[in-house]
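Engineer: These are the residues of each chain, in order.
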Amino acid sequence: MNDSIMSLLDKYHLIAAFAVIGLTMFISHWMSKHLTANRLHGSAIAILIGLALAYFGGIYTGGSHGLADVSLFTGLGLMGGGMLRDLAIIATAYGVRFSEIKKAGVRGLIALFAGVLVSFLAGAVVAVGFGYTSAVDITTIAAGAVTYIVGPVTGATLGASSEVVALSIAAGLVKSILTMIATPLVARTIGLDNPRSAMIFGGLIGTTSGVAAGLAATDARLVPYGAMTATFYTGLGILLAPTVLFLGVRMFF
Amino acid sequence: MVIYGVALLAGCMLVGLVIGDVLGQLLGIDANLGGVGIAMLLLIFVTGYLKSRDHLPESTESGINFWNAMYIPIVVAMAASQNVAAAFSGGMVAILAGALAVVLGLAMVPLLTGKRVEDAMPLDARPVSPAQGRTP
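Read top to bottom, the protein sequences are chains P and U.
Under the numbering used here, the first residue of the first sequence is numbered 4, with each subsequent residue one higher.
Under the numbering used here, the first residue of the second sequence is numbered 994, with each subsequent residue one higher.
You can take every hint at face value.
Among chain P residues calculated to face chain U with C-beta under 7 Å, some are:
{"id": "1", "residue": "F101"}
{"id": "2", "residue": "R110"}
{"id": "3", "residue": "A148"}
Since the hints were derived computationally from the structure, they do not count as laboratory data.
For every residue, glycine included, the Cβ atom is placed at its ideal position computed from N, Cα and C.
Generate the whole structure from the sequences, applying the supplied hints.
Structural biologist: Structure, rendered in structure tokens:
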């Protein structure tokens, strides 16, 4: 009996994921209303629950897809994977007025370059502080602080060791996860409540999953603006990190 | 029909991704450069055009709005399938590098936003079009 239920849930994994996420949303909205008097957004609580479950899923299975590695929850990987996530992000653009985007366009572009540069510098400073002296290692870790995709791509281009590449991925994951948690907490302080600052936020932080979840937890109406700039960030990072930024690092090391 | 809306969305996504891919190849990088962003712009323009011609009936709209409304649940599923364990077992270098990048990035948002002007007003303070009036 138990076995047959398990194999059924396994077979219909995406449907099971819809049910699990629906339940999570219900619980988190209930918690938001009754435990925090709506001060903490229901979506923010749901994302925190998701991250906590992903942590335990990762510890339990030793896999790399959080809770989606637990056989009952494999559908989460499909539901929250890149394909449906990007489809939903694009759908959020429906109803956005282009004039809003055009008005913040130049600042968004500046934010993109500034964001890649500042994240790279942050990663480089930390790497140097921990005693790394090879330009390849420093660049790879710094590229990881840009996003967890830029890190390994840069590492592969420059021929970094697998330990350093793993570190750069971890740095990018920390950035993405901290963005999900920190954004709703500091949104008011940094003025993240309008299309312009959302576009700048997307350009400065850039890590798509972090920006997507951080804005969802803050105000879903801001998502298309932040996502619009963030979507160019990883490409720009891959363009700059192994080339211009690497040459910059090599001037000092 | 609802499928028209979904297909329109899918078409914009595919065209955007192809353009992003070509852009990446032109620049010699192994990545999609802004495909999703281009797809978003396409969707804005195409739906804007269809709406002005009155070719966007409610049922077509609902195909797009469904995925729009599924955004937050999908993001929650994404959060649940992140490699959180690896992020926090990477050691202090990874944690500090990631954290410093977030802190600096967030701190720079008000610097680049500048002073409040008309387009930097909170969304609550101005009229919201029906498609934007989602209550999460």
